[in-house]
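Heads up: the sequence lines are chains G and Y, in that order.
If you count the first sequence from 1, you need to add 1 to reach my numbering.
If you count the second sequence from 1, you need to add 1 to reach my numbering.
You can't tell identical chains apart in this list, so a pair holds if it fits in one copy or across any two.
With a straight-line Cα cutoff of 16 angstroms, these simulated EDC-like cross-link-like pairs (lysine to aspartate or glutamate) come out:
| # | residue 1 | residue 2 |
| --- | --- | --- |
| 1 | Lys106 | Glu119 |
| 2 | Lys282 | Glu296 |
| 3 | Lys53 | Glu285 |
| 4 | Lys21 | Glu285 |
| 5 | Lys204 | Asp221 |
| 6 | Lys140 | Glu152 |
| 7 | Lys3 | Glu29 |
| 8 | Lys106 | Asp257 |
Read the hints as simulated data drawn from the structure, not as lab findings.
For clarity, every value in this text was computed on a predicted model and none was experimentally measured.
Protein chains: 2
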Amino acid sequence: MKFAYLPKPKDEPIAALEAKGHTHVGLEDNPDMVVFGGGPEDFPDELPASVKVVQIIYAGVENLQDVFAKHSKNGVRFANAGGLYDDTVAESTLALLLAVEHRLKAVTEQWNNTQLFEEKQYLFDNKKLALIGAGGIGKTLIRFLEPFGMEVTAVNRSGNPVEGADRTVTLSDEVWAEHDYFVLLTPLTEETRHMVNAETIAKMRDSAVIVNVGRGPLVDTEALTQALGSGTLRGAGLDVTEPEPLPADHELWDLDNCVITPHVANIPRFTLRRIGGLAAKNWELFEAGETMSTEVDVKTGY
Amino acid sequence: MKFAYLPKPKDEPIAALEAKGHTHVGLEDNPDMVVFGGGPEDFPDELPASVKVVQIIYAGVENLQDVFAKHSKNGVRFANAGGLYDDTVAESTLALLLAVEHRLKAVTEQWNNTQLFEEKQYLFDNKKLALIGAGGIGKTLIRFLEPFGMEVTAVNRSGNPVEGADRTVTLSDEVWAEHDYFVLLTPLTEETRHMVNAETIAKMRDSAVIVNVGRGPLVDTEALTQALGSGTLRGAGLDVTEPEPLPADHELWDLDNCVITPHVANIPRFTLRRIGGLAAKNWELFEAGETMSTEVDVKTGY
Chain G
2 MKFAYLPKPK
12 DEPIAALEAK
22 GHTHVGLEDN
32 PDMVVFGGGP
42 EDFPDELPAS
52 VKVVQIIYAG
62 VENLQDVFAK
72 HSKNGVRFAN
82 AGGLYDDTVA
92 ESTLALLLAV
102 EHRLKAVTEQ
112 WNNTQLFEEK
122 QYLFDNKKLA
132 LIGAGGIGKT
142 LIRFLEPFGM
152 EVTAVNRSGN
162 PVEGADRTVT
172 LSDEVWAEHD
182 YFVLLTPLTE
192 ETRHMVNAET
202 IAKMRDSAVI
212 VNVGRGPLVD
222 TEALTQALGS
232 GTLRGAGLDV
242 TEPEPLPADH
252 ELWDLDNCVI
262 TPHVANIPRF
272 TLRRIGGLAA
282 KNWELFEAGE
292 TMSTEVDVKT
302 GY
Chain Y
2 MKFAYLPKPK
12 DEPIAALEAK
22 GHTHVGLEDN
32 PDMVVFGGGP
42 EDFPDELPAS
52 VKVVQIIYAG
62 VENLQDVFAK
72 HSKNGVRFAN
82 AGGLYDDTVA
92 ESTLALLLAV
102 EHRLKAVTEQ
112 WNNTQLFEEK
122 QYLFDNKKLA
132 LIGAGGIGKT
142 LIRFLEPFGM
152 EVTAVNRSGN
162 PVEGADRTVT
172 LSDEVWAEHD
182 YFVLLTPLTE
192 ETRHMVNAET
202 IAKMRDSAVI
212 VNVGRGPLVD
222 TEALTQALGS
232 GTLRGAGLDV
242 TEPEPLPADH
252 ELWDLDNCVI
262 TPHVANIPRF
272 TLRRIGGLAA
282 KNWELFEAGE
292 TMSTEVDVKT
302 GY
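Chain G on its own, in the form it takes in the complex (with noise of 0.2 angstroms):
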């Protein structure tokens, strides 16, 4: 089949779809599939009627359901690159939160800090784990924390078993209310926005942990500033927040309990290793007849 690679074309994706036969072509001549790695003002506004696959190089495409909702009627399809990051989203994670309970951020030059002592706090020490959202980067963590013993609740809408949790439940006050941490995975909706406020922080221990590493609107940014500040949480790790960039010079940046990476849990080079090969599948599964392996519902956005 014939690809272009929007908006701008990456030579390593590029290399692995020609090995598999394919053609690397501009948008003007007739391609079957677009691969697309920009933001909804970079997606063309037409797109020609050869093209019947679009796959998206990330996994989060709350921001592209306008492009779907216009492309779709003609029949064009959508993946995105979910799975792509399970493995680099799950270990940095799981940097996150050893880097909050270990109080690297607390660290100064001083030797026999008292304070140190008391406030490092260990995962393998009788810690419950909540996933809020368990696809493959919550399997993968999953995975990575089963040394330490934990107990980990899946959360999520059907409450269907996650493999590898202890339990799978649906959202409810007695999660805020029993876990030591709570990592958000789960795609930005409507009703997923803001879902970690003060309302939600009111019902959780003074100990819980927060890493977002899913999207910065998951947690209302005032709300964690002012329980992390007061002590009302113990500590949070993000890595996405809102709003994106951090200003600065927003207080987040000083709280010694608060560890923030900019954006990095996946990073470029791992997405373009691999975004050929889920590319090259999804055509595959595309050709015969299938769903994609990582083919986005239009309905639910994701």
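Place chain Y on chain G using the hints.
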């Protein structure tokens, strides 16, 4: 039996020993056992002839060699606290390694930081780790690392297989040349002092990372500082340093590829929670005429 707790009695382990039917007394009341938590300068010049066993509450006992020599002549036997720190130190090792590889100290307020994208490394990404000294901490670390699919080489003096390692070897130039990560866990002896020095660093890959959670003097601080500053080594995670405390104005504090924690890999809370049980178990073994589970070999000094 009767036990004294020196130099400063601690409630939690005393309660644990009392729960096993033992009696807390002063040194002047002819104890059978001494539980000892101080440095060499705190050790009594003379022990009552009643004392048969000294349980030390830490694992690295290189500073007590003179104490061992003097009192073992009178038949006193010593046990260290090996094994009590396996999980705390192993988890802290993982936290340091992740903090170094995920470049947490290099994070700035800048989003889309291409340098961070380039430099960040993942443990799951085909890494090779050498455990220099592979006792209980090392075995626990192997368990914590298992989900990352890392290739683990255990290095010990005998070359006798270490459970969970992909191979066990004695130290050689190849070991320094062929691994990405070096975790130092070996006891400090004249043989191991400054085992990481300018010469051994020169044998390592530029991408190598050293994590020292053993003893500070295992590493030549000056050679390490030079290598980290010049990029001959990618990074280091240090929970112990030489000297210790590391002076507040030492260059290592300013290097963003060097993550330092002030000797908190294990913390007193866990020692106090566990040492009473270990002392009771060692007393039982002693009474049964057996070698204690963590008995110090006075000849080798650990």
